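Asker: Here is what each chain is made of, one letter per residue.
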Amino acid sequence: EDKVVQSPLSLVVHEGDTVTLNCSYEVTNFRSLLWYKQEKKAPTFLFMLTSSGIEKKSGRLSSILDKKELFSILNITATQTGDSAIYLCAVVSQGGSEKLVFGKGTKLTVNP
Amino acid sequence: KAGVTQTPRYLIKTRGQQVTLSCSPISGHRSVSWYQQTPGQGLQFLFEYFSETQRNKGNFPGRFSGRQFSNSRSEMNVSTLELGDSALYLCASSPRQGANEKLFFGSGTQLSVL
Chain B
1 EDKVVQSPLS
11 LVVHEGDTVT
21 LNCSYEVTNF
31 RSLLWYKQEK
41 KAPTFLFMLT
51 SSGIEKKSGR
61 LSSILDKKEL
71 FSILNITATQ
81 TGDSAIYLCA
91 VVSQGGSEKL
101 VFGKGTKLTV
111 NP
Chain U
1 KAGVTQTPRY
11 LIKTRGQQVT
21 LSCSPISGHR
31 SVSWYQQTPG
41 QGLQFLFEYF
51 SETQRNKGNF
61 PGRFSGRQFS
71 NSRSEMNVST
81 LELGDSALYL
91 CASSPRQGAN
101 EKLFFGSGTQ
111 LSVL
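As given, the protein sequences belong to chains B and U, one line each in that order.
Residues 1 to 112, numbered by my numbering, are exactly what the first sequence covers, in order.
Residues 1 to 114, numbered by my numbering, are exactly what the second sequence covers, in order.
The set of hints was computed from the structure by calculation and includes no laboratory data.
In this text, all values refer to a predicted model and were calculated from it rather than measured experimentally.
Backbone N, C-alpha and C define an ideal beta-carbon position, used for all residues, glycine too.
It cannot be assumed that every hint is accurate.
Stated by the list, open to error - So the derived list for chain U, only partly shown, Cβ under 7 angstroms to chain B, looks like this:
| hint | residue |
| --- | --- |
| 1 | L43 |
| 2 | N56 |
| 3 | G84 |
| 4 | N100 |
| 5 | F105 |
| 6 | S107 |
As the list claims (entries may be wrong) - Computed, partial: chain U to chain B, Cβ under 7 angstroms:
| hint | residue |
| --- | --- |
| 7 | G42 |
| 8 | P61 |
| 9 | G62 |
| 10 | R63 |
| 11 | G108 |
To be verified - Derived EDC-like pairs: lysine to aspartate or glutamate, alpha-carbon spacing no greater than 20 angstroms straight-line:
| hint | chain 1 | residue 1 | chain 2 | residue 2 |
| --- | --- | --- | --- | --- |
| 12 | B | K3 | B | E69 |
| 13 | B | K67 | B | E26 |
| 14 | U | K102 | B | E69 |
| 15 | B | K41 | B | E69 |
| 16 | B | K107 | B | E1 |
| 17 | U | K57 | B | D66 |
| 18 | B | K104 | B | E55 |
| 19 | B | K3 | B | D66 |
| 20 | B | K104 | B | E15 |
| 21 | B | K37 | B | E55 |
| 22 | U | K57 | B | E15 |
| 23 | U | K102 | B | E15 |
| 24 | U | K102 | B | E1 |
| 25 | B | K56 | B | E98 |
| 26 | U | K57 | B | D2 |
| 27 | B | K67 | B | E15 |
| 28 | B | K67 | B | D83 |
| 29 | B | K41 | U | E52 |
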């Protein structure tokens, strides 16, 4: 059964800290890994990773994929209170039909 | 461009009733997917519609059904509601069919079953 595991489940930090969120997976025929940020209700897209070792960056956020070890990390530097959200990792697998499997998310709280 | 719109935002129903949720995708997007989100299980895929046809289905009982109209708007129906159906139901749209796409999510419908 396809599985995506995120850690930690929750994290509380102070503004300015750097955080690393983890996502490991076991899926049939990996195609890609995606990160989403969920503030309040609607998740919003952050990154899509398909190749190992290539870092994707957007401002203070960056992510990298390791297809050999089956994991990805999402880094946030110089955190701000606006980074408080649930960060969701999802993996696309292809076993018959394509499936998108989500992890349970990491709840990040950034205190001023 | 307007985002994905879901209605209603909140719903309270009792066990045994049925419910219909609506989703209007971003203009030009032809794929609509539905997800159920609960604290214990996280986000779980329900189904995907593209060009009015169900293209993919998750592991949910037959009480969960959906459809898509010619204008790409989609509805999801849950019959014979159970307490465990209480969840946030999220709809997502994308221009193309398939899971390997960037999804644009709506704000969801929060369903409470009493």
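Asker: Each hint: holds or not?
Answerer: How the hints compare with the structure:
1. L43: Given a least distance of 4 angstroms, the restraint on L43 of chain U holds.
2. N56: 5 angstroms, holds
3. G84: With Cβ-Cβ at 17 angstroms, over 7 angstroms, it is violated.
4. N100: OK, holds: N100 of chain U within 7 angstroms of chain B, min 5 angstroms.
5. F105: 5 angstroms, holds
6. S107: 4 angstroms, holds
7. G42: 4 angstroms, holds
8. P61: Violated, about 18 angstroms.
9. G62: This hint is violated: G62 of chain U lies away from chain B, its Cβ roughly 18 angstroms from the closest one there, beyond 7 angstroms.
10. R63: Result: violated, 21 angstroms to nearest chain B Cβ.
11. G108: 5 angstroms, holds
12. B:K3 - B:E69: Distance of about 14 angstroms is within 20 angstroms: holds.
13. B:K67 - B:E26: 11 angstroms, holds
14. U:K102 - B:E69: 24 angstroms, violated
15. B:K41 - B:E69: Since the Cα atoms of K41 of chain B and E69 of chain B sit roughly 32 angstroms apart, the hinted pair is violated (cutoff 20 angstroms).
16. B:K107 - B:E1: Answer violated: K107 of chain B to E1 of chain B is near 25 angstroms, above 20 angstroms.
17. U:K57 - B:D66: 29 angstroms, violated
18. B:K104 - B:E55: 23 angstroms, violated
19. B:K3 - B:D66: 16 angstroms, holds
20. B:K104 - B:E15: Violated, because 24 angstroms separates the two Cα atoms, which is more than 20 angstroms.
21. B:K37 - B:E55: Distance of about 18 angstroms is within 20 angstroms: holds.
22. U:K57 - B:E15: 42 angstroms, violated
23. U:K102 - B:E15: Status violated; Cα separation ~29 angstroms.
24. U:K102 - B:E1: 23 angstroms, violated
25. B:K56 - B:E98: 23 angstroms, violated
26. U:K57 - B:D2: 15 angstroms, holds
27. B:K67 - B:E15: 32 angstroms, violated
28. B:K67 - B:D83: Status violated; Cα separation ~27 angstroms.
29. B:K41 - U:E52: Violated, at roughly 26 angstroms.
Hint check: violations occur at hints 3, 8, 9, 10, 14, 15, 16, 17, 18, 20, 22, 23, 24, 25, 27, 28 and 29; the rest are consistent with the structure.
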